[in-house]
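J.: Chain order of the listed sequences is S and G. Just so you know, the first sequence maps onto residues 78 to 409 in our numbering. Just so you know, the second sequence maps onto residues 26 to 360 in our numbering.
These aren't lab readings, by the way, just hints derived from the structure by calculation. Since the structure is predicted, the reported quantities are computational estimates derived from the model, not experimental observations. Treat the hints with care, as some may be off.
[What the hints assert, rightly or not] Only pairs whose alpha carbons sit at most 20 Å apart, straight line, appear in this in silico SDA-like list of lysine to any residue: (1) G/Lys-108 / S/Gln-141; (2) G/Lys-165 / S/Leu-352; (3) S/Lys-97 / G/Lys-34; (4) S/Lys-235 / G/Leu-138; (5) G/Lys-165 / S/Lys-97.
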Amino acid sequence: MTDQTSENFGRREFLSRAGKAGISIAAAGTVSYLLYDNKGPKTGIDTEELVTLPDFSIPYQQGQTISIVKGPDRVETLKKAIELLGGIERFVKPGEIVAIKPNVAFASPPMLGATANPELIAEVVKLCYSRGGAKKVVVTDNPINEPASCFTLSGIGKAASAAGAKVVFPKNHLFKHTTLAGGRLIKNWPIFFGPFEKVDKLIGIAPVKDHHRSGASMTMKNWYGLLGGRRNIFHQDINTIIAELAMMVKPTLVILDGTEVMMTNGPTGGSVSDLRRANTLIASTDCVAADSYGCGLLDLTVPDLPYLAKAEKAGAGTTNYESLKPIFATVG
Amino acid sequence: MGSVRRRSKRLESAISICLLVILMVIGVGVFLRQFDYDISRFGIDTAVAPQLEIPFDLGSLAPAGFETLSAGQTYTTENLYEKIDGKAPLYTESGFEKLFTRRFVSKDDESLLMELYVFDMDAAKNAFSVYSVQRRAEAKDLPAFAFAYRTSNAIYLAHGKYYIELVGFSESDELLKAMAEIAKRIRSELAVGDDIEIAELSLFPSENSVPGGIKLYLSNAFGFEGLTDTFTARYKIDGETITAFLSKRVNSNDAQLTAESYYNFLIDNGGVAKPTANKTIKAKAVDFYGTTEIIFVVGPFVSGIHEAENQQAAEKLAEKLISKLGEAAKAVKDD
Numbered sequence: 078m079t080d081q082t083s084e085n086f087g088r089r090e091f092l093s094r095a096g097k098a099g100i101s102i103a104a105a106g107t108v109s110y111l112l113y114d115n116k117g118p119k120t121g122i123d124t125e126e127l128v129t130l131p132d133f134s135i136p137y138q139q140g141q142t143i144s145i146v147k148g149p150d151r152v153e154t155l156k157k158a159i160e161l162l163g164g165i166e167r168f169v170k171p172g173e174i175v176a177i178k179p180n181v182a183f184a185s186p187p188m189l190g191a192t193a194n195p196e197l198i199a200e201v202v203k204l205c206y207s208r209g210g211a212k213k214v215v216v217t218d219n220p221i222n223e224p225a226s227c228f229t230l231s232g233i234g235k236a237a238s239a240a241g242a243k244v245v246f247p248k249n250h251l252f253k254h255t256t257l258a259g260g261r262l263i264k265n266w267p268i269f270f271g272p273f274e275k276v277d278k279l280i281g282i283a284p285v286k287d288h289h290r291s292g293a294s295m296t297m298k299n300w301y302g303l304l305g306g307r308r309n310i311f312h313q314d315i316n317t318i319i320a321e322l323a324m325m326v327k328p329t330l331v332i333l334d335g336t337e338v339m340m341t342n343g344p345t346g347g348s349v350s351d352l353r354r355a356n357t358l359i360a361s362t363d364c365v366a367a368d369s370y371g372c373g374l375l376d377l378t379v380p381d382l383p384y385l386a387k388a389e390k391a392g393a394g395t396t397n398y399e400s401l402k403p404i405f406a407t408v409g
Numbered sequence: 026m027g028s029v030r031r032r033s034k035r036l037e038s039a040i041s042i043c044l045l046v047i048l049m050v051i052g053v054g055v056f057l058r059q060f061d062y063d064i065s066r067f068g069i070d071t072a073v074a075p076q077l078e079i080p081f082d083l084g085s086l087a088p089a090g091f092e093t094l095s096a097g098q099t100y101t102t103e104n105l106y107e108k109i110d111g112k113a114p115l116y117t118e119s120g121f122e123k124l125f126t127r128r129f130v131s132k133d134d135e136s137l138l139m140e141l142y143v144f145d146m147d148a149a150k151n152a153f154s155v156y157s158v159q160r161r162a163e164a165k166d167l168p169a170f171a172f173a174y175r176t177s178n179a180i181y182l183a184h185g186k187y188y189i190e191l192v193g194f195s196e197s198d199e200l201l202k203a204m205a206e207i208a209k210r211i212r213s214e215l216a217v218g219d220d221i222e223i224a225e226l227s228l229f230p231s232e233n234s235v236p237g238g239i240k241l242y243l244s245n246a247f248g249f250e251g252l253t254d255t256f257t258a259r260y261k262i263d264g265e266t267i268t269a270f271l272s273k274r275v276n277s278n279d280a281q282l283t284a285e286s287y288y289n290f291l292i293d294n295g296g297v298a299k300p301t302a303n304k305t306i307k308a309k310a311v312d313f314y315g316t317t318e319i320i321f322v323v324g325p326f327v328s329g330i331h332e333a334e335n336q337q338a339a340e341k342l343a344e345k346l347i348s349k350l351g352e353a354a355k356a357v358k359d360d
């Protein structure tokens, strides 16, 4: 045995083979080192790529911050509410591009009140063009359900298009990351930014709804549609995220539709018996004030919705809507 | 000796070639695999809905004159919010497993559209809970089913471990008829096994009870976290609407402790102890901001009356409930 080994595997042969093996290991190691990616796939973005949503608000005008109009016909109450605040001309100037962000969260028919009413959207689009002289009106949202179904079944897509608006569905390239200054939750988070990047004015339109998690869904909660990613994680701290959204989004005008209010089983509802007629429409430049009045339509008070106080504390508006001297009116 | 060496060299060469081939296969495998890594491990949502089995082909439930509209969807706890947003916690905190949905449209009139939601709630109690707490005020019971009602545009039912919604996109008799047809087929074709009995439902006295007035709160009943699996039932007595409640605990000791905790919770939150007028009932009464709370224990049951406007009527109901629970407690003891 020893003889055979010494004959087959002499010292010279051993050194030769050992050398070759060493070279092979070194080569493999070098290649591995060169190919090794110690960073892994990119999961975040660089700070310089963060975006900030523009400020769409208009100068404050005492006594013309909130109007509350009663009446069964939401188109008529809408027209009156805007007129009482100085007309659409105050909010939209000739040649401007306007984005309208309705609540189109669900693939649900208008009858169920889970989404903004299409007649209302159409009327605002028409006003922007006819009285405001807008160059272009964009209607967009990042719904919870599949966008095409939501815009179709809610009737908003058809109504907005018929009124001359461009309907924009969410696409990956339209999302950019943002960090809210002073925010705790909105940090390096994707938002639906593209449609709002180059517009001059922003109008939010939302129905008044019961909401299982937050208590109520109104104009502030409507901005939830701007969040991308796995936004449901924010449901764990719903009051903070709604308050932060109110800090992040500075709209030109918000319209809160309480003509029919989803009193129970929100935010989806499902039965017409979840709705109650309140025949009220609110227009305001202050989301917090609009929602603070709107919560009463759900038989709630301001303390019932902690996000209102949080938003007020953060400077997003006032819960004391009466201090703004609301303009009341009745139509029909 | 030379032939041995040649054989050895050939063997070594063959083994080396085999090893090289294996290494190449591994290398190619690694190369290909890198294009298909698990993105979720890096905290990135794949946004791909999981493929799960469905109880049966929901599409086959299309009633006469209707057809399916687009493919069915399946949701889990991970992505339920994509369908129902803020309402998801109501289900996920009640044992939710999966949701299957399907839309149907009339072949003759595309405005006649409906959506079927089948929530797999894992247990009959869970399904009954989400069914009962969402019950609509204008509900009309469907007597052919154990737990089902309709509104002017929808049908809701609990069937074993499933909670089912049929939502019409318009108010139409034709839609309601079609939805009722689907509901009947679900009842007969969707197997639920033996897990359909909810014993507590029969423990409430039936006299003066409001039809469809029983609800099940799986947690935090009346804002008190110690009250889990709590059934409530509504009654109309002497013109007053009164709510009775009961929760079966592990044993009578546990029931005593829960009752004490709930009593203390009421006192800590502004309640004031008061005597019961009816001395035959062994219970604690609390004046809670002008309403009467009555708490008692019968065997393993914590029970009572919640926020009654009329103490006399409340005690009348408490007496009946104690009697009924006494029979059940005796049966539990006998077992």
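J.: None of the hints should be skipped; say for each whether it holds.
T.: We went through each hint and held it up to the structure:
Between G/Lys-108 and S/Gln-141 the CA atoms are separated by roughly 38 Å; this puts the pair beyond 20 Å, and the hint is violated. Distance check on the hinted pair: G/Lys-165 and S/Leu-352 sit about 16 Å apart at the alpha-carbon level, within 20 Å; holds. About 17 Å separates the Cα atoms of S/Lys-97 and G/Lys-34, which keeps this hinted pair within 20 Å; it holds. For the suggested pair S/Lys-235 and G/Leu-138, the alpha carbons sit about 17 Å apart, so the restraint of at most 20 Å is met.
Proposed proximity of G/Lys-165 and S/Lys-97 is contradicted: the alpha carbons are some 86 Å apart, above 20 Å.
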